[in-house]
Amino acid sequence: MTDPLLDKGQDGAQDWAIETIGMTRSFGDFVAVDKLDLRIPHKTIYGFLGPNGCGKSTSMRLITGLLTPSAGRVRVLGMDIPEQAELLRRRLGYMTQKFSLYDDLTVQENLRFMAQIYNLESRSVKQLIDSQLSRYQLNERKTRLAGALSGGQRQRLALAAATLHQPELLILDEPTSAVDPENRRDFWEKLFDLCDGGTTILVSTHYMDEAERCHGLAIMEGGVKRADGSPAQLMRELGAKVVEIDGENLRLLKQQLGELPEVVSTAQQGTHLRVLITEAINDPENWLRTFHPALVANRQIHSVRPSLEDVFVHCTGSNAIGQGARQ
Amino acid sequence: MNAFSQSLQRIGAIVFKELRQLTRDRPTFGMIVMVPLIQLLLFGFAINTNVRDLPVGVVDLSHTQTARALISDLAATQVVSFTETYQTPRQAEDAIRRGHVHAVLIIPEDIGQRLQDQRPIAQWLIDGSDTMVSNALLALQQMPFASGFEAQPIARKNTFEIALFFNPERRSAINIVPGLVAIVLTMTMVMFTSAALVRERERGNLELLITTPVRSSEIMIGKIVPYIFVGLIQVSIILGLGHVIFDVPINGRLDQLVLGVFAFISASLTLGLLVSTIAKTQLQAMQLTVFLLIPSILLSGFMFPYEGMPEAAQWIAEALPATHFIRMVRAIVLRGATLEDLQPDLWWLIGFTILGVIAAASRFKKRLD
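Residue numbers (numbering that gives the first Met the number 0), protein chains in the order written: chain A, 0 to 326; chain B, 0 to 368.
Mixed in with the good hints there might be a few duds.
What the hints assert, rightly or not - Taking lysine-lysine pairs in the DSSO-like style, the calculated list, with each CA pair at most 30 Å apart, reads: (1) 125/A / 97/A; (2) 141/A / 189/A; (3) 279/B / 222/B; (4) 97/A / 222/B; (5) 141/A / 16/B; (6) 97/A / 279/B; (7) 125/A / 141/A; (8) 125/A / 189/A; (9) 42/A / 189/A; (10) 42/A / 125/A; (11) 97/A / 156/B; (12) 253/A / 189/A; (13) 222/B / 125/A; (14) 16/B / 222/B; (15) 34/A / 97/A.
Think of the hints as simulated: they come from the structure by calculation, not from any bench.
Computed from a predicted model, the values in this text were never measured in an experiment.
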């Protein structure tokens, strides 16, 4: 897979779909988003990955102009935000974390309402709604009340409504948090279709598998960007090595390994322990066998490819070293 | 631990949880203190069936010492206060229809002769629509009066003749039904609009709506318009049934009535919008509505005559749209007045609506901060 983030390089003349420089927003003493720099290319899916309360939603609201930044600059589709937020509205589709269409209107009525709000040409609206209904598999449920839909159907309806006016930029705030894995996969297929059609998509998530699907990714924590890049690049440049250790008494081993300064983190995964060891150690297996033979006696050790979760663990929490992997 | 003490422990857990939540819900906590306080003051002020200092007018056709003595005797009762003077009985009737005064004393040219003949010496023209007001004036009917020249007060059946306008049978329904229009509209219009907007915010619809090209003024207008029709339906029900069941006359012109109702509905809906920009939840919107409703019932003149209230209560009453509308609707429905006669109240409602919409739209930003 080509990597759009790398392909486009970082020349200053680049026209970004979203560009923020030092974007900051505080509520009283609490800094929700702290000096966030983002450059998101056109026609890509860009993800915000982070725990709840890390500033994902606030960042999205700053980018859509729903909130005014306390400091910094925000440019979206070539427009200054929040000054030109009203102009952006017609070119932006936004899906809130909570289902925000009307529960007491039917699927069709909801779509018609949104079409009118966006002043879509009334002659083509019927066709447009029909094509959205079939694209998002809602045809059989078009006369159902939105409140009576399942989580997955509701999500598809919200996406159908958000893309009705064919926005250039689609912002999705944790779109799949209430959706089962199968529906989630379907949902992402739709996002790739939209992206192929030329839409730039900004999506927030706390699922690793979803984050891995994004072209570009920013790992956020406490309002700060800990790392960014493509998932492949982030994993490549992890800055730590990963081994898996088998055997009995993994709880005790986890505790003992955790006390070593070279060990970044440990996590039990079924019958083995996944251990992140700092890059300074060249050959982790050898290092463990040589310096801590008692701990790993009679245990198998495998070096494995880092996952995105390893990246996430490595650059958040107490492991956050400086500014993270990319810097 | 036996079953009983276990049960007590569980009840205790719920009690303390409830108290803790109560102290954290500021508006509700405030209501605990404010409701008895405000109710006490409102009722204490408003419930005053002893009407005093009713503004009345006088037409003195005799220009005699006796007439002046009569006027000063009446003023001394403190029931009435002569605020206007008219030249002819026709002007006086006009002033009553417009609602400037509740009653006018007509003193005939031959007051001296009447005094001698032991006939009623003067006539009261009374707006009978408010029975509490007319009762206070009727009590004056047998007031003893002597011009000062007689040796002793002359035994006379009635000092005054009385003409009760608009409600000769003195039925209270006549006054209550049109006033009820104001109360019902205040209740429903304020509640509907405030709840409608707060509901969108609570359910998250608003977060989506404000990312679309729709303007806040467009949301406001779109939210108000449907309820104008709801209000007109309610008015038709109240006045229609009032006419059929309680025989309440509709003396005024229908177009004047509809225009007046329209002005009041707009003002009430605006009030609802203002509430919705303050309330965070539907429950709070409901509480605030009740908060506005109670003075609208007690101070607006719906239950107790406006004139009987102390000045402070009158000031509060003047700030409520219901007070202005009750004056208008009674004038139009019962006394056949036109909006031209009621300009101050009409302009007040229009001004309130315009300022209110501006205030609500500026408080309701298309932003979340």
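Right, here's what the structure says about each hint:
{"no.": "1", "hint": "125/A / 97/A", "result": "holds (27 Å)"}
{"no.": "2", "hint": "141/A / 189/A", "result": "holds (19 Å)"}
{"no.": "3", "hint": "279/B / 222/B", "result": "holds (17 Å)"}
{"no.": "4", "hint": "97/A / 222/B", "result": "holds (23 Å)"}
{"no.": "5", "hint": "141/A / 16/B", "result": "violated (44 Å)"}
{"no.": "6", "hint": "97/A / 279/B", "result": "holds (18 Å)"}
{"no.": "7", "hint": "125/A / 141/A", "result": "holds (13 Å)"}
{"no.": "8", "hint": "125/A / 189/A", "result": "holds (21 Å)"}
{"no.": "9", "hint": "42/A / 189/A", "result": "holds (14 Å)"}
{"no.": "10", "hint": "42/A / 125/A", "result": "holds (28 Å)"}
{"no.": "11", "hint": "97/A / 156/B", "result": "violated (79 Å)"}
{"no.": "12", "hint": "253/A / 189/A", "result": "violated (41 Å)"}
{"no.": "13", "hint": "222/B / 125/A", "result": "holds (25 Å)"}
{"no.": "14", "hint": "16/B / 222/B", "result": "violated (38 Å)"}
{"no.": "15", "hint": "34/A / 97/A", "result": "holds (27 Å)"}
Hints 5, 11, 12 and 14 from the list above are not met by this structure, while the remaining hints are.
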